[in-house]
Amino acid sequence: MIDKSLGLQLRQALDLPRVARRVGGRPYEAANVDAWDEVPNSTWFTNRNGRFPMSPDAVHRGPTRGAGPDTTGPWTVVTVKSDGVTPGMIIDDVQGDRYLLKFDPVGFSGLASGADVVGSRLFHAAGYNVPENYVAYLDPDRLVLAEDAMIQESTPDKRPPMRERLLRRQELAAALARVNSEGTPRVRVLASRYLPGKPLGPWPYEGVRDGDANDVYPHEHRREIRGLYVVASWLNHADLKEENTLDMYDPEAGIVIHYLIDFGAALGSNSRRPSNPRRGQANSIDVRDSLVRLATLGLYVHDYERAPCSVPYPAVGYLGNELFQPWAWKPMYPVPAFENLTARDAFWGARIVTSFTEEQIGAAVAAARFDDPEAAAALTRFLVERRDCIGRYWFSRTDPLDAFKLEGERLGFVDLAVARGLAPEGAAAYEYVVYAPSGKVLGRGSVTEPELDLPGDWRRGGGAMVSLQPRRSGLSCAPVLVYLGPGTAEGSWEVIGLRRLD
Amino acid sequence: MTRFSPLAGLLVTALLLPAAVAGRAAGLDPTAAAQADSLAVDGRPQLVHYRSRLESALALPGRVVYAPLGGVLYVLSWSVSDLYERHALDHMKELLTTADGRIGVRPLANTGIGTGFRLFHRDFLAGADWDLTSSFGRSVDDRQHHLLELAWHGVGRPGRLLFTLDFSREPDESYYGIGNGSLAGDRTRFRQEETRAQLVYRCGTVRWLIVTARIEGASTSIGAPRYGDAPATTGVYPGDQLLDLAGPNRVVGAAVALQTSLVDVRGSPTHGNNARLDAGLYRDLDGSLSYASFNAVTEQFFELFYRRTASLRLGLDWRPALGGGEVPVYSMASVGGNLFVRGYQRGRFRDRGAAFGALIYRFPVARCLDGGVFYESGRTFRDPADLSLGGWHDSYGGGLRIWVPKGLVFQLLAALSDEEHRILFSFSTDF
Numbered sequence: 000m001i002d003k004s005l006g007l008q009l010r011q012a013l014d015l016p017r018v019a020r021r022v023g024g025r026p027y028e029a030a031n032v033d034a035w036d037e038v039p040n041s042t043w044f045t046n047r048n049g050r051f052p053m054s055p056d057a058v059h060r061g062p063t064r065g066a067g068p069d070t071t072g073p074w075t076v077v078t079v080k081s082d083g084v085t086p087g088m089i090i091d092d093v094q095g096d097r098y099l100l101k102f103d104p105v106g107f108s109g110l111a112s113g114a115d116v117v118g119s120r121l122f123h124a125a126g127y128n129v130p131e132n133y134v135a136y137l138d139p140d141r142l143v144l145a146e147d148a149m150i151q152e153s154t155p156d157k158r159p160p161m162r163e164r165l166l167r168r169q170e171l172a173a174a175l176a177r178v179n180s181e182g183t184p185r186v187r188v189l190a191s192r193y194l195p196g197k198p199l200g201p202w203p204y205e206g207v208r209d210g211d212a213n214d215v216y217p218h219e220h221r222r223e224i225r226g227l228y229v230v231a232s233w234l235n236h237a238d239l240k241e242e243n244t245l246d247m248y249d250p251e252a253g254i255v256i257h258y259l260i261d262f263g264a265a266l267g268s269n270s271r272r273p274s275n276p277r278r279g280q281a282n283s284i285d286v287r288d289s290l291v292r293l294a295t296l297g298l299y300v301h302d303y304e305r306a307p308c309s310v311p312y313p314a315v316g317y318l319g320n321e322l323f324q325p326w327a328w329k330p331m332y333p334v335p336a337f338e339n340l341t342a343r344d345a346f347w348g349a350r351i352v353t354s355f356t357e358e359q360i361g362a363a364v365a366a367a368r369f370d371d372p373e374a375a376a377a378l379t380r381f382l383v384e385r386r387d388c389i390g391r392y393w394f395s396r397t398d399p400l401d402a403f404k405l406e407g408e409r410l411g412f413v414d415l416a417v418a419r420g421l422a423p424e425g426a427a428a429y430e431y432v433v434y435a436p437s438g439k440v441l442g443r444g445s446v447t448e449p450e451l452d453l454p455g456d457w458r459r460g461g462g463a464m465v466s467l468q469p470r471r472s473g474l475s476c477a478p479v480l481v482y483l484g485p486g487t488a489e490g491s492w493e494v495i496g497l498r499r500l501d
Numbered sequence: 000m001t002r003f004s005p006l007a008g009l010l011v012t013a014l015l016l017p018a019a020v021a022g023r024a025a026g027l028d029p030t031a032a033a034q035a036d037s038l039a040v041d042g043r044p045q046l047v048h049y050r051s052r053l054e055s056a057l058a059l060p061g062r063v064v065y066a067p068l069g070g071v072l073y074v075l076s077w078s079v080s081d082l083y084e085r086h087a088l089d090h091m092k093e094l095l096t097t098a099d100g101r102i103g104v105r106p107l108a109n110t111g112i113g114t115g116f117r118l119f120h121r122d123f124l125a126g127a128d129w130d131l132t133s134s135f136g137r138s139v140d141d142r143q144h145h146l147l148e149l150a151w152h153g154v155g156r157p158g159r160l161l162f163t164l165d166f167s168r169e170p171d172e173s174y175y176g177i178g179n180g181s182l183a184g185d186r187t188r189f190r191q192e193e194t195r196a197q198l199v200y201r202c203g204t205v206r207w208l209i210v211t212a213r214i215e216g217a218s219t220s221i222g223a224p225r226y227g228d229a230p231a232t233t234g235v236y237p238g239d240q241l242l243d244l245a246g247p248n249r250v251v252g253a254a255v256a257l258q259t260s261l262v263d264v265r266g267s268p269t270h271g272n273n274a275r276l277d278a279g280l281y282r283d284l285d286g287s288l289s290y291a292s293f294n295a296v297t298e299q300f301f302e303l304f305y306r307r308t309a310s311l312r313l314g315l316d317w318r319p320a321l322g323g324g325e326v327p328v329y330s331m332a333s334v335g336g337n338l339f340v341r342g343y344q345r346g347r348f349r350d351r352g353a354a355f356g357a358l359i360y361r362f363p364v365a366r367c368l369d370g371g372v373f374y375e376s377g378r379t380f381r382d383p384a385d386l387s388l389g390g391w392h393d394s395y396g397g398g399l400r401i402w403v404p405k406g407l408v409f410q411l412l413a414a415l416s417d418e419e420h421r422i423l424f425s426f427s428t429d430f
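Those protein sequences? They're chains G and U, same order as listed.
The first sequence finishes on residue 501 if you use numbering that gives the first Met the number 0, and the numbering steps up by one all the way, no holes.
The second sequence finishes on residue 430 if you use numbering that gives the first Met the number 0, and the numbering steps up by one all the way, no holes.
Any given hint could be a false lead.
[Said to hold, decoys possible] To give a feel for the contact side, a few chain G residues facing chain U, derived at Cβ under 10 Å:
id: 1; residue: Arg17
id: 2; residue: Glu28
id: 3; residue: Arg162
id: 4; residue: Leu165
id: 5; residue: Arg168
id: 6; residue: Thr295
[To be verified] From chain G, some residues computed to sit far from chain U (all C-beta separations above 10 Å):
id: 7; residue: Asp56
id: 8; residue: Arg64
id: 9; residue: Ser395
id: 10; residue: Gly484
[What the hints assert, rightly or not] Derived SDA-like pairs: lysine to any residue, alpha-carbon spacing no greater than 25 Å straight-line:
id: 11; chain 1: U; residue 1: Lys405; chain 2: U; residue 2: Pro157
id: 12; chain 1: G; residue 1: Lys80; chain 2: U; residue 2: Met91
id: 13; chain 1: G; residue 1: Lys80; chain 2: G; residue 2: Arg60
id: 14; chain 1: G; residue 1: Lys240; chain 2: U; residue 2: Ser76
id: 15; chain 1: G; residue 1: Lys240; chain 2: U; residue 2: Ala66
Think of the hints as simulated: they come from the structure by calculation, not from any bench.
Note that the Cβ used here is the ideal one computed from N, Cα and C, for glycine as well.
Make the full structure from the sequences, and use the hints.
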């Protein structure tokens with residue numbers, strides 16, 4: 000925490016070339032993007048809803064391959080984590096599948112489990128690797144103790160457990176009694192299926208993983224991690240410390256797969272209690288805010304200190320969007336990749352976030368199986384409002400034109416701001432200039448529809464570059480450059496690259 | 000105001016300009032320079048360098064400057080990680096405790112006295128516990144403090160009966176002259192040894208109220224300090240105030256105390272009140288010392304806005320002599336020290352009575368870290384009729400405090416007065 004909060008910021012402040020680039024408006028761009036400014040599929044990320052719209056059923060299902068722990072037989076308890084507050088459990092079902100069970104805080108049924116499930120569905124649909132998370136119902140009578148079942152003795156804070164020793168039956172009963180004081184026959188839990196492979200530990204947030212020959216891009220300069228800032232801000236997943244990531248080694252394929260885990264403190268949840276207005280507004284140790292308070296003797300009051308914290312639906316926690324500013328969202332601990340975010344990275348993330356329809360968001364929320372439909376509706380509204388806020392901001396900072404397609408002499412494109420309902424249709428003019436490879440201007444003009452006819456002689460120089468820039472009230476952005484050239488098939492021509500300018 | 004040095008400006012520009020130029024050149028095609036360094040070797044991809052060799056070289060000075068800072072942060076992180084996340088202190092406690100947790104020893108370090116240890120044995124007899132705390136200075140002639148406590152729980156249901164036997168030796172105890180007008184130069188040193196036995200009954204009937212009743216006997220002797228001659232006291236202490244210095248004084252007494260805590264968060268209150276009342280009677284077995292003791296301290300908290308809190312702290316301590324007796328100089332009320340009117344040394348003003356008030360403003364800096372500023376004033380008096388608006392001694396300052404919901408963990412303060420500037424730190428005080 001000390002290194003994340005202080006060391007990183009000191010290192011960045013003393014990195015002269017980095018400082019000079021940011022001052023000069025030329026920050027380091029992401030190192031692993033292709034000619035279309037896209038991220039190829041990899042062990043880090045798979046292009047899903049942002050590029051290929053998923054059905055609501057697919058979003059609802061997420062990465063899950065079944066229905067969760069098999070309830071036709073007993074659940075064998077392997078380990079119990081006991082910190083005196085809320086226990087956790089590792090069980091094997093009759094199929095031999097291992098699950099980590101986590102309980103909701105008392106009085107807030109659905110809070111952490113719901114956040115974990117909804118978060119996992121949306122991160123998965125966004126393209127990230129996540130575990131299979133299920134909402135399940137534990138029947139205490141179904142639990143049996145493994146012969147070598149262990150208990151992890153922890154303290155009532157977030158420190159690693161002190162030790163492990165053999166679990167006694169009465170300790171299991173006591174742990175269950177803490178989360179089921181009323182003795183209900185079914186206790187709601189989050190069941191997270193163990194990831195396949197051998198765990199290697201969290202991703203390092205800086206540099207690469209030693210020993211992974213495929214890990215060649217420094218993580219702080221990977222587009223999918225930088226762009227994670229926007230997706231995480233959407234879901235208010237501020238608990239993005241390294242320990243909430245996991246590398247798993249697949250011995251058959253001989254590769255390391257990189258996962259995001261533990262979303263119990265996302266959305267309106269803070270794991271053990273509802274979230275609060277400060278979440279997403281300040282780091283856990285926010286040096287700048289602390290210095291401001293110290294220098295002003297506390298007379299300066301930040302907005303998040305003033306904001307009321309109302310929780311009308313305990314199952315979904317605190318859902319406040321009044322303070323949300325997409326450009327100013329802060330995780331609990333500074334993340335090196337987020338500190339390197341550029342407008343292109345943010346556009347990439349915003350395109351993913353705004354690709355989600357209300358129906359898809361509702362399908363992800365439905366996976367959490369909230370008992371209160373009003374709570375589910377409130378969470379859906381929260382996510383929709385936040386999505387639109389993100390889209391309006393980032394699509395006004397970078398050229399929102401995308402999905403370029405060459406058909407004959409006509410170049411078509413999509414204005415994402417219009418397509419996603421964030422800007423009025425027909426209110427923009429798209430100014431274009433067509434250049435030959437020599438730099439000669441072949442044509443220029445303005446269109447009101449998202450398509451333009453290229454000048455007849457554009458192929459003569461072996462290709463062309465088209466500069467496209469929308470003009471619309473409230474939009475201030477540099478143009479996007481679209482490169483046209485010979486395609487892979489004989490005699491074909493296609494879009495061969497693009498570049499978004501700052 | 001700091002003036003910008005042209006030389007410094009030239010140096011900064013000389014360092015940054017090439018980086019800016021390199022940045023601009025590389026920015027035209029950011030991946031080309033990087034990928035030029037990432038040629039596959041034997042078909043295996045090589046690490047991609049996201050910046051050119053020139054930029055890497057220009058980053059070197061910053062890394063050199065960061066190295067010692069990074070080393071400190073690394074050691075700090077590692078220490079915190081070891082102590083906190085790996086439960087080093089918890090494991091050490093377990094090593095020093097029997098498996099059932101009933102018997103153990105703990106090391107102690109106290110800047111006031113020295114180092115020492117605490118032995119304890121829970122439930123050793125009929126549900127009683129005992130604790131022996133000993134602190135030593137550098138030698139047996141140096142400071143010592145030994146406290147033996149026997150405690151029986153559940154007496155009178157929510158109550159606890161305590162027997163304590165306490166021995167302390169202070170080879171160089173400082174005393175200033177008696178009276179509100181005593182001068183800073185009126186300072187003497189005594190060697191003081193005290194043995195005290197107390198029987199205390201403590202009862203918390205409700206969570207916010209603790210009632211304590213105690214009877215005690217103490218034997219105190221004052222003599223020449225460790226270094227130097229016998230104290231020259233006549234110039235400082237009039238003869239009739241030195242009844243206690245002729246030989247060991249054996250005093251018995253009885254007292255009752257009430258302590259209330261009606262605050263929202265003990266570690267950083269924003270609403271409510273803490274208060275303590277104590278009243279007792281004391282008498283020398285020889286009959287020459289006889290006095291009463293009344294002590295009242297209260298602190299009221301007011302939230303101004305968003306956890307910015309003002310508190311008013313008032314205290315009165317009065318030890319009237321009874322039946323022609325006198326109050327021992329070492330038992331007199333005083334202002335100065337770590338709790339009240341902190342800009343002065345402990346016991347700076349001493350008499351039969353003392354009064355003080357403090358206004359404190361506290362504000363949050365970070366999670367569990369508060370800042371605060373205070374103004375306080377106090378004086379001593381021989382008789383309550385002597386109290387007036389004049390003669391008060393002022394002190395002011397500020398500092399930081401670390402807290403947890405159960406109480407204060409640590410505070411570091413700077414306190415100023417017209418005599419001196421003091422830096423204080425303290426742990427776990429109620430006030």
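Okay, the hints, checked on the actual structure:
1. Arg17: 7 Å, holds
2. Glu28: Because about 4 Å separates G/Glu28 from the closest Cβ in chain U, which is inside the 10 Å limit, the hint holds.
3. Arg162: It holds, given that the least Cβ distance between G/Arg162 and chain U is near 9 Å, below 10 Å.
4. Leu165: Violated: closest Cβ of chain U sits about 16 Å from G/Leu165, beyond 10 Å.
5. Arg168: Violated - the Cβ of G/Arg168 stays beyond 10 Å from chain U, reaching only about 21 Å at its closest.
6. Thr295: 9 Å, holds
7. Asp56: 37 Å, holds
8. Arg64: 31 Å, holds
9. Ser395: 23 Å, holds
10. Gly484: Non-interface label on G/Gly484 holds, nearest chain U Cβ at 17 Å vs cutoff 10 Å.
11. U/Lys405 with U/Pro157: Roughly 20 Å separates the two Cα atoms, so the pair holds.
12. G/Lys80 with U/Met91: 22 Å, holds
13. G/Lys80 with G/Arg60: 29 Å, violated
14. G/Lys240 with U/Ser76: Holds. G/Lys240 to U/Ser76 sits at ~15 Å (cutoff 25 Å).
15. G/Lys240 with U/Ala66: 24 Å, holds
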